[in-house]
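Undergrad: Spelled out from the first residue to the last, the chains are:
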Amino acid sequence: MTKYIIQRIIWIFIILFTTLTITFVLLKLAPEYPPTKNDEKDTWLEKQVSDGFYTSEYYDITNPDDMVIINDIRNNNPEINKTVFIVSPVRDGNIIKVFYRVPISEQYFSWLNNVLTEWNWGTSTKIHVNVPAFSIITARMPLTLYLNLATLAFYLPFGFAFGIITALKKDTFIDNIAQIIIMVFLSLPSLVFILLLIIIFSYKMDGFLPSLFPLVGIEDWKNIAKGFIIPVVAGGLPAIAGFTRMLRAELSEVLTSEFVLLAKTKGLSHTQAVLRHAIRNSIVPMVPIIIGSFAGLLSGSFIMESVYAIPGVGRVTLQALAFGNYDYNVIMSSSAFYGSISLVTVLIVDLSYGIVDPQIRMGARK
Amino acid sequence: MDNKQFPKDYFSLVQDNERLLDKPLQTKQLSYFQDAMMRFTKNKYNVIASIILLIMVILSITVPMITPKNLYTQTNSSLTTLPPKVPFLSNFGIFDGTKEFDNQPIDIDTIDPETGLGYPTLGFDVKYIDLETLTNKEIIGSERSPLYIGGTNDLYINFDKTAYAIQSNEFITIVDGTNLEIDINDMDLSGDVKIYFIDSSIPDPSSWDEFTLLGTFSSIGVHNINLLNELNAGDIGKIVLKYEIPTPSLEGSEFVSLNSITVEYPNPENNIVFSGYDLSAFSLIVINNAIENGRYLRKDAAMTVASFTYDVYAALFADAPKIIGAEEYNQILLDNPKMEDTITLNPDDDEAWTFGEGYPLHAVTSVDSITIAGTVYSNYHVMMNGTYAIGFESEPYFLFGTDVFGKDLFTLIWLGLRTSLLLGVMASISNIIIGVIWGAFSAYYGGQVDILMERFTDIWGSFPQITMIGIITVLIGPGFLALFIFMVYDGWIGVAKVTRLQFYRYKGREYVLAARTLGASDRRIIFKHILPNTLGTIVTRVILSIPSVIFLEVNLSYLGFGIGNGQSLTIGPVTLTGTSIGVILNDGQQQIFAGNLWLIIYPTIIVSILMITFNMFGNALRDALNPQLRGSE
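Same order as they appear, the protein sequences are chains A and B. In terms of this note's numbering, the first sequence opens at residue 1 and continues consecutively. In terms of this note's numbering, the second sequence opens at residue 1 and continues consecutively.
Think of the hints as simulated: they come from the structure by calculation, not from any bench. Ideal placement from N, C-alpha and C gives every residue a C-beta, glycine not left out. There may be inaccurate statements among the hints.
To be verified - Derived DEER-like restraints, expressed as beta-carbon distance ranges:
1) B/131 with A/200: 22 to 30 Å
2) B/65 with A/80: 46 to 54 Å
3) B/450 with A/81: 46 to 54 Å
4) A/229 with B/37: 46 to 54 Å
5) B/449 with A/80: 46 to 54 Å
6) B/117 with A/184: 38 to 46 Å
7) B/455 with A/80: 36 to 44 Å
8) A/139 with B/131: 51 to 59 Å
9) A/40 with B/201: 47 to 55 Å
10) B/142 with A/229: 28 to 36 Å
Generate the whole structure from the sequences, applying the supplied hints.
TA: So, in structure tokens, the structure goes:
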């Protein structure tokens with residue numbers, strides 16, 4: 001078991017490393033989008049030089065020979081404003097700087113070195129200029145995680161309740177209605193849900209549940225809860241439907257097994273047999289599904305964050321991807337965030353199968 | 001037990017001189033697909049869903065073809081955000097082209113003394129307001145706008161300052177018997193209100209000494225000043241009000257709240273009253289920056305707003321007064337040959353006449369003629385048919401209304417659906433081709449090849465979606481190609497996994513071994529012997545994946561990473577427009593708080609029906625094509 005876990009963790013690192021490498025290389029194939037203001041651009045590019053992604057050359061603005069060179073670069077270098085940048089003098093100085101991007105392979109090793117030794121993911125160029133990119137992600141992480149945990153906490157009780165009810169009432173009128181509702185909820189995009197909820201609760205009811213994000217400065221827990229309702233419900237409804245369907249299938253299979261019959265023959269009522277024996281067994285395969293759904297909710301959350309203006313990781317990532325205003329370091333950091341969360345979830349799901357179901361032995365030889 | 005004895009010739013052979021052969025089956029033989037079809041049609045719900053799906057597909061092809069192109073390609077400013085209107089149903093009061101308006105500031109002059117209700121006149125015509133639905137309510141606000149009435153105007157002193165002043169914008173003329181009345185609603189009693197007069201001869205005062213002090217008050221209530229105490233009849237100037245406190249403000253909360261300032265003349269009809277908006281329009285005046293600063297705020301002002309149902313279509317297509325040139329006028333007469341015969345002249349005015357019903361022009365109200373160098377140039381003032389003025393032959397019905405660009409939403413939705421569907425189908429076909437080849441290859445050869453290919457899909461599949469979106473957006477930019485790559489880059493992995501699994505199931509079977517013994521090539525075994533068995537599973541998987549691909553398209557286009565308005569892609573005879581359901585939803589979302597809800601509701605309903613029917617169709621197909629259920633029931 002331990003060996004299996006170690007193997008899996010190593011594999012996770014390999015996957016994460018590979019995806020981030022591919023992302024890094026592909027993003028570096030595109031032109032750079034440094035900050036637009038001159039002094040911010042200067043600070044950012046100097047940081048890039050110290051991080052090992054750029055080299056710089058200094059020229060004197062008062063020297064006519066230097067200006068000839070500058071003009072030549074400005075007019076004739078095909079990479080100007082893509083990978084070569086000229087920064088005008090800042091703070092009344094007379095030094096004009098030219099920055100050249102180093103080859104991708106060199107940049108890659110500098111990046112690897114920075115990340116591994118200093119946990120330096122570079123600084124942001126557009127979202128918060130010259131703020132460390134990873135700290136932008138970590139600052140927004142709690143909100144995104146709270147939101148997803150709240151959704152999880154919202155959908156589980158309903159999912160369990162409806163799953164058990166539909167399994168017990170299988171092939172009755174209630175079950176048929178429930179099946180149709182499940183079908184509808186699974187078919188609707190969550191985008192549609194959140195738009196409809198906004199229309200009903202925010203527009204039709206005169207701002208009964210307004211969008212309260214960002215929640216900065218709101219200390220009253222009632223108001224915070226109010227702001228969470230629409231995104232949590234919109235994210236939770238499809239999850240309830242999916243969970244109900246799976247629990248129903250699982251439970252109705254367990255209900256036909258012989259030990260439930262045995263329990264009934266011993267004199268337990270139907271309800272007792274279900275609650276004491278059947279449910280326990282049907283929950284076992286649900287545990288990994290519950291854990292796995294967390295990753296699913298997370299990846300769906302950037303739509304939610306974008307529609308409802310929630311300043312979470314998803315929204316900031318989308319901002320970093322605004323057309324023509326790309327913020328590569330933030331994209332890299334959020335890729336690392338989403339990548340590691342989903343991979344760790346997969347690992348936990350795999351391990352939980354082994355823990356909850358003794359029939360599966362992890363890493364057993366065939 | 002008594003045994004009967006039978007002689008040998010008692011028995012005779014059934015078939016003595018014919019060979020015993022299998023008889024042909026009497027029942028009708030069913031092919032695989034006939035059987036599947038039978039099971040497919042058994043579930044009535046699924047059949048209905050499939051029919052609805054088919055209708056939607058047909059509509060998405062035909063509707064954009066039969067709708068005039070200018071209704072959904074051109075921006076038409078006069079048709080923006082028209083509500084839905086459906087023929088026949090409009091007779092019953094639903095979908096009749098009326099729209100509910102909320103919170104429209106009313107015109108105070110329109111208030112009906114009986115009911116006390118008013119309605120707006122700016123942009124609305126009372127003829128088309130349904131007066132039965134008219135309700136008014138008051139909104140309390142602090143806006144400096146003439147639409148808000150009443151309220152107080154509060155003058156605050158900022159932190160560390162000791163005074164602040166306002167002055168009237170108009171000049172006041174002083175005559176005999178002019179009084180000034182100041183109504184102070186509330187004030188911080190630590191300070192004084194000082195009223196000054198600044199003569200019009202001093203446009204730029206530099207010290208308070210140049211102002212004439214009229215009076216000082218430090219209590220709440222109505223105060224009167226006889227202006228002639230300090231001023232002479234005939235003086236012209238502005239009234240200045242200053243609020244002063246003895247020591248610099250500690251919290252910036254010292255204030256005076258004013259109800260009104262009135263200049264009273266001997267004849268009360270000439271009184272000038274400054275209150276509400278007029279008072280809030282007073283300008284700020286600062287003489288000494290160091291000690292004077294503050295805020296001038298309007299408070300508790302009320303605006304009456306109306307909510308009502310408005311017949312947008314009737315208002316839009318009502319006869320409109322227009323001025324047209326002689327050339328256009330004659331062209332209209334030429335286009336409608338019998339129109340000239342219906343002219344009825346107005347007996348009182350020889351430059352006005354009316355036409356019969358059903359022509360572009362209803363009447364000519366007057367004619368302007370100028371003669372320049374012997375040529376007569378005429379302009380006709382006409383009442384033009386509203387429908388004709390906007391460019392329609394008869395009054396149009398927009399079944400789902402129009403969007404902010406004045407385009408017909410009904411056509412746009414089907415157009416968008418066509419794009420979404422085609423992209424979905426194309427992406428699914430690509431997924432199936434890549435997936436089947438990959439999966440078949442991986443499973444058939446097995447061993448090291450299999451392990452390597454599996455590890456590759458592991459890594460490829462764990463690329464976070466958002467990262468991939470990032471890379472593609474940065475490298476290619478949003479558009480059809482980018483959208484297509486998003487749909488395909490990891491979509492094939494699922495198909496590959498299923499194919500691989502199915503191949504492992506079938507490749508060890510005896511018939512495969514037999515084929516191999518007979519010398520069949522690898523390709524023949526894969527495509528002729530194994531693949532057909534796995535086809536059902538793969539096909540259903542692909543059908544079921546189309547909704548999720550459309551799902552993805554809607555989400556991505558909504559977020560702006562897919563296609564957008566104005567893009568187009570030509571594949572052979574079909575041209576896909578950049579309009580998709582996601583794009584429509586994105587445009588519509590900005591209209592929620594403007595009350596144009598149909599822009600969200602209709603695309604939502606259509607996309608939901610599409611998803612539901614597609615899923616039901618896919619499930620039915622899965623059940624029908626599942627070989628294990630074959631022949632059951």
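Undergrad: Hints first: check each against the structure and report whether it holds.
TA: Hints, verified against the model:
1. B/131 with A/200: 22 to 30 Å: Given a distance of about 29 Å, which is inside 22 to 30 Å, the answer is holds.
2. B/65 with A/80: 46 to 54 Å: Holds, since residue 65 of chain B and residue 80 of chain A (Cβ atoms, about 49 Å apart) stay within the stated range.
3. B/450 with A/81: 46 to 54 Å: Distance hint for residue 450 of chain B, residue 81 of chain A holds at roughly 48 Å.
4. A/229 with B/37: 46 to 54 Å: 48 Å, holds
5. B/449 with A/80: 46 to 54 Å: 47 Å, holds
6. B/117 with A/184: 38 to 46 Å: Holds: the Cβ-Cβ distance is about 43 Å, inside 38 to 46 Å.
7. B/455 with A/80: 36 to 44 Å: 42 Å, holds
8. A/139 with B/131: 51 to 59 Å: Check passed, 55 Å falls within 51 to 59 Å.
9. A/40 with B/201: 47 to 55 Å: 53 Å, holds
10. B/142 with A/229: 28 to 36 Å: About 30 Å separates the Cβ atoms of residue 142 of chain B and residue 229 of chain A, which means 28 to 36 Å holds.
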